[in-house]
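Following the hints, complete the assembly by docking chain B onto the known chain A.
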Amino acid sequence: MTQLRAVRIVLAIGTVFRAIAWGLGAALTLLVGAALIDLATPLPLGTRHVILAVAALSAAAVAASMAWRDRGVFSLERVAMWIEERVPSLEYTLVTAVETGNASYVAGAKTDRWRPIAIRRAGRALRTPIAVIVGAFVILFVMPGGAVARMTLPHAGDSLDRASVARGTRASRLSPLVAEVVPPRYSGEKTTTLDQPRDIRALVGSALAMSGRGDATGIAARIGKDSVVATQRGDRWSIALPIGSKPFAIRLTDRAFERIVAVEPVLDASPSVVLTAPAHDSVLRAPTGRIPLAASATDDFGLVSASFEYIVSSGEGETFKFKSGVLGAVKPTGKRASLASSLSIDALELKPGDVVHVRAVARDANDVSGPGIGVSETRTIRIARADEYDSVAVDAAGPADEEKSVVSERMLIMLAEALERRRPSLRRDTLVGESRRIAADQKRLRRTVGDVVFTRLGGDPSGEEHTGDDSPTRGKTMEEMLARADSATNQSADPIDFEGGESPVVAVNKPLLEAYNAMWSASTELEVGEPGRALPHMRRALAAIEKARKAERLYLRGAPPAVVVDVSKARLKGKDKGATSTRRALSPADSAAHSRLERFANIVDLVQRDQRAAIDSLLLLRIDALSDEPVFASALSDAADAMRKGKAADASNALTRARRALAGTQVARDSLARWSIVP
Amino acid sequence: MMTEFVFATAQYDSGDWDSAPLLPANIIDTIARYTEITVAPTGAIVPLGDDRMLRYPLLYMTGHLPVRFTDAERRNVKRYVDRGGLLFIDDHNHDIDGTFHKTATEEIARTVAPLTELPNNHPLYSAFFKFDGPPTTSHELNGWGDNLVHKHLMAVERNSRIGVLYSSKDYSSEWNYHPDSKRFLSVDNTKFAVNLVVYALTA
Numbered sequence: 076m077t078q079l080r081a082v083r084i085v086l087a088i089g090t091v092f093r094a095i096a097w098g099l100g101a102a103l104t105l106l107v108g109a110a111l112i113d114l115a116t117p118l119p120l121g122t123r124h125v126i127l128a129v130a131a132l133s134a135a136a137v138a139a140s141m142a143w144r145d146r147g148v149f150s151l152e153r154v155a156m157w158i159e160e161r162v163p164s165l166e167y168t169l170v171t172a173v174e175t176g177n178a179s180y181v182a183g184a185k186t187d188r189w190r191p192i193a194i195r196r197a198g199r200a201l202r203t204p205i206a207v208i209v210g211a212f213v214i215l216f217v218m219p220g221g222a223v224a225r226m227t228l229p230h231a232g233d234s235l236d237r238a239s240v241a242r243g244t245r246a247s248r249l250s251p252l253v254a255e256v257v258p259p260r261y262s263g264e265k266t267t268t269l270d271q272p273r274d275i276r277a278l279v280g281s282a283l284a285m286s287g288r289g290d291a292t293g294i295a296a297r298i299g300k301d302s303v304v305a306t307q308r309g310d311r312w313s314i315a316l317p318i319g320s321k322p323f324a325i326r327l328t329d330r331a332f333e334r335i336v337a338v339e340p341v342l343d344a345s346p347s348v349v350l351t352a353p354a355h356d357s358v359l360r361a362p363t364g365r366i367p368l369a370a371s372a373t374d375d376f377g378l379v380s381a382s383f384e385y386i387v388s389s390g391e392g393e394t395f396k397f398k399s400g401v402l403g404a405v406k407p408t409g410k411r412a413s414l415a416s417s418l419s420i421d422a423l424e425l426k427p428g429d430v431v432h433v434r435a436v437a438r439d440a441n442d443v444s445g446p447g448i449g450v451s452e453t454r455t456i457r458i459a460r461a462d463e464y465d466s467v468a469v470d471a472a473g474p475a476d477e478e479k480s481v482v483s484e485r486m487l488i489m490l491a492e493a494l495e496r497r498r499p500s501l502r503r504d505t506l507v508g509e510s511r512r513i514a515a516d517q518k519r520l521r522r523t524v525g526d527v528v529f530t531r532l533g534g535d536p537s538g539e540e541h542t543g544d545d546s547p548t549r550g551k552t553m554e555e556m557l558a559r560a561d562s563a564t565n566q567s568a569d570p571i572d573f574e575g576g577e578s579p580v581v582a583v584n585k586p587l588l589e590a591y592n593a594m595w596s597a598s599t600e601l602e603v604g605e606p607g608r609a610l611p612h613m614r615r616a617l618a619a620i621e622k623a624r625k626a627e628r629l630y631l632r633g634a635p636p637a638v639v640v641d642v643s644k645a646r647l648k649g650k651d652k653g654a655t656s657t658r659r660a661l662s663p664a665d666s667a668a669h670s671r672l673e674r675f676a677n678i679v680d681l682v683q684r685d686q687r688a689a690i691d692s693l694l695l696l697r698i699d700a701l702s703d704e705p706v707f708a709s710a711l712s713d714a715a716d717a718m719r720k721g722k723a724a725d726a727s728n729a730l731t732r733a734r735r736a737l738a739g740t741q742v743a744r745d746s747l748a749r750w751s752i753v754p
Numbered sequence: 004m005m006t007e008f009v010f011a012t013a014q015y016d017s018g019d020w021d022s023a024p025l026l027p028a029n030i031i032d033t034i035a036r037y038t039e040i041t042v043a044p045t046g047a048i049v050p051l052g053d054d055r056m057l058r059y060p061l062l063y064m065t066g067h068l069p070v071r072f073t074d075a076e077r078r079n080v081k082r083y084v085d086r087g088g089l090l091f092i093d094d095h096n097h098d099i100d101g102t103f104h105k106t107a108t109e110e111i112a113r114t115v116a117p118l119t120e121l122p123n124n125h126p127l128y129s130a131f132f133k134f135d136g137p138p139t140t141s142h143e144l145n146g147w148g149d150n151l152v153h154k155h156l157m158a159v160e161r162n163s164r165i166g167v168l169y170s171s172k173d174y175s176s177e178w179n180y181h182p183d184s185k186r187f188l189s190v191d192n193t194k195f196a197v198n199l200v201v202y203a204l205t206a
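Heads up: the sequence lines are chains A and B, in that order. All residue numbers for the first sequence refer to the numbering used here, where the first residue is 76 and numbers rise by one. All residue numbers for the second sequence refer to the numbering used here, where the first residue is 4 and numbers rise by one.
I should point out that these hints are in silico values taken from the structure, not numbers from a laboratory. Where hints are given, some of them may not hold.
What the hints assert, rightly or not - Ranges of calculated distance between the beta carbons of each label pair, as one might list FRET restraints:
| hint | chain 1 | residue 1 | chain 2 | residue 2 | range |
| --- | --- | --- | --- | --- | --- |
| 1 | B | R55 | A | A461 | 16 to 24 angstroms |
| 2 | A | V401 | B | L188 | 42 to 50 angstroms |
| 3 | A | E333 | B | D54 | 22 to 30 angstroms |
| 4 | B | R55 | A | A231 | 32 to 40 angstroms |
| 5 | A | T408 | B | L144 | 49 to 57 angstroms |
| 6 | A | N677 | B | G136 | 36 to 44 angstroms |
| 7 | B | D85 | A | G108 | 53 to 61 angstroms |
| 8 | A | D462 | B | R55 | 31 to 39 angstroms |
| 9 | B | L144 | A | A461 | 33 to 41 angstroms |
| 10 | B | R55 | A | V303 | 47 to 55 angstroms |
We put the beta carbon where it would ideally sit given N, CA and C, even for glycine.
Same shape as in the complex, but just chain A (with noise of 0.2 angstroms):
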């Protein structure tokens, strides 16, 4: 029992290895078989990568397979019945002595034999697939250099290590081609390798190799006007260029032959910094105290310094001074920064009026095109002046005089109109007396809406002690303010005269001098007992005086004084005598959209002659647009690759877009009118 059980560890063995050397084998078959198309055909890197995994999974499937076929030596009794096939004249004893687990059956047996017998049998079962490993072997031996590691290691940029099965001295060298783009050392991104390349996107600063196979002699690449010959570099050539920040087309040439590759540069982008701490801008009382800064800063690639910068402005109209600081640098490590400081108000030892001026700043680490400076809102804080405090409004106001008028006519109102409603009811007394009483209402909130104007037109009613509508003073002033009323709201043919014009403070009372006179004329009725005469006058007062406190506010600080030029007086005559060179017509703004309208038409005319010319043309034209028509560049992109693939319905509605991106972006200006509008 003791030899069966030998045997049935060297079949066992032999089982595994012959199942390893068939999985083995079908690897290396798969992979010589894609080798030979890939000599012959070029097979992208994706496909490779996925021809080695299918290999690595194919060689697992047949392995298993094979052990699982062959599992039976694991089983005594299989191997008992196996050796009884090759020695009969055990006469089943073996298998007996098995079954039974009696081993005097096979006591007599010569069981030296059995062992010899199974390791040639797994011997033999090893020869057919060991010779599949070897054949496979030995193909890939003889196959060009470099053509088995495109298979077995398959990455960018081998593409110069393929063999190409027919290759003569006049093919071009152009082809195949790599591009090594190298980024700058400061954004930390690995080098990247692209096989064939058309359009290459790269950093700003990043450093771009093209190479090729076989001499550089008569190899050059064309940039612009510029030209930079090829460098050997063993069996391959090189060109080494610069990525700066325009997009530019590479035209390489060698002899006859041409290749066209765009760059693309990318932009490091600034720094984004957010001020969150001040919230808003702020107006002070007083000069004393912290305020607290806080802002975060994050970047593409990686900060390098952050801080807050302020300057205090001082002075006013032509005499300004001014001093700045920085405050709480950090110098982050990272893509995101946050910053926290505060400002002392009493270090700055500011004065009424001045105002600080702070914000965040941030720098990336672009030591190429930079550095990226990143800045936030800038928020103000300034210190009120003495005569200002009641603009500071640091305790809650009442409400304003417009908002008492305001409900005052609407009570008014109701009244006269409830008045009305009761008017057949009454007697001609009563009515008489409850409307004088409305009127009286009615003229005490005139005074009011008077009182109002005449403060903004520079009077001051506060000092005042009226007694009623009969102080001669109020009285005269009551009459010159009805004036006013009745000429600003064209109830009267005699012009306001105010020295000259009317006044931008009369313009903002205008509403109220309306309200003021409709008032007049709505207590006139209601003294003669009609309030239903009285009502439109009163509602054209309320509808006014809404008006006025839904006025935009106005900004008298930046009003100019108003100069209105005379321009016949001007011109004398009108001649245009000064002159003193030829005017011409300079070429219009939208030049570049015409040139580039006429470029694109003439690519479209050319597709139908030379698609791969026109291929080029729109690469070409694609970086000229790229840094002012992003939509048109990108349409442009979508039509070559559409041609590129064959795809003709797509190329078509690619160049539409195009074209409608570039229409869309003109400018007509066929006179000066779109322009002169008068708001």
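Only chain B this time, still in chain A's reference frame:
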């Protein structure tokens, strides 16, 4: 409908945009004197954050204080330049170390593009009157501000035309007087403004 050219002053939130209140009237007077451009007798004040600013071919902007555009102002200025408008910014501090210069140039760089020197043979200088470069101002010659005579104006060009014109010469002080006072000058110092307007309308 044919209407007139309106000289517009840009109003921005952060600074004293109204520091040269007489300049618009003076320039309007100059335009009327030397050209037949149909010009409105008064200027307009237009907030940079308001879309109405896009209606004006030339926007004049000045001040002494820091310039910090709001988001709306920044968006509109970019649209304005992209659409072919001419934003003329003049440093009323006439000081390249001053806060207006530093902040305004920074804002323009951030909003539109960095300013570059405008060559003195640019079509702007021959758009109407002939100039060999930007005319000097009395403030420069008197040594005020940064004590420099600036040889060039700065500009951002779009589609081969000026989108933003920046001056450190302080034309805002030089031209900020009542047009009736022009008769006291032996040489009209506002002629360059005609070139600005004609360039803005024809370029």
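Hint check:
1. R55/B / A461/A: 16 to 24 angstroms: Since R55/B and A461/A have Cβ atoms about 37 angstroms apart, the given range 16 to 24 angstroms is violated.
2. V401/A / L188/B: 42 to 50 angstroms: About 46 angstroms separates the Cβ atoms of V401/A and L188/B, which means 42 to 50 angstroms holds.
3. E333/A / D54/B: 22 to 30 angstroms: 49 angstroms, violated
4. R55/B / A231/A: 32 to 40 angstroms: 54 angstroms, violated
5. T408/A / L144/B: 49 to 57 angstroms: Hint holds: Cβ distance 51 angstroms, inside 49 to 57 angstroms.
6. N677/A / G136/B: 36 to 44 angstroms: This hint holds: roughly 40 angstroms between Cβ atoms.
7. D85/B / G108/A: 53 to 61 angstroms: Cβ of D85/B to Cβ of G108/A: about 58 angstroms, so the range 53 to 61 angstroms holds.
8. D462/A / R55/B: 31 to 39 angstroms: The hinted range 31 to 39 angstroms holds for D462/A and R55/B, with Cβ atoms some 34 angstroms apart.
9. L144/B / A461/A: 33 to 41 angstroms: About 39 angstroms separates the Cβ atoms of L144/B and A461/A, which means 33 to 41 angstroms holds.
10. R55/B / V303/A: 47 to 55 angstroms: Holds, since R55/B and V303/A (Cβ atoms, about 51 angstroms apart) stay within the stated range.
Against the hints set out earlier in the document, violations occur for numbers 1, 3 and 4.
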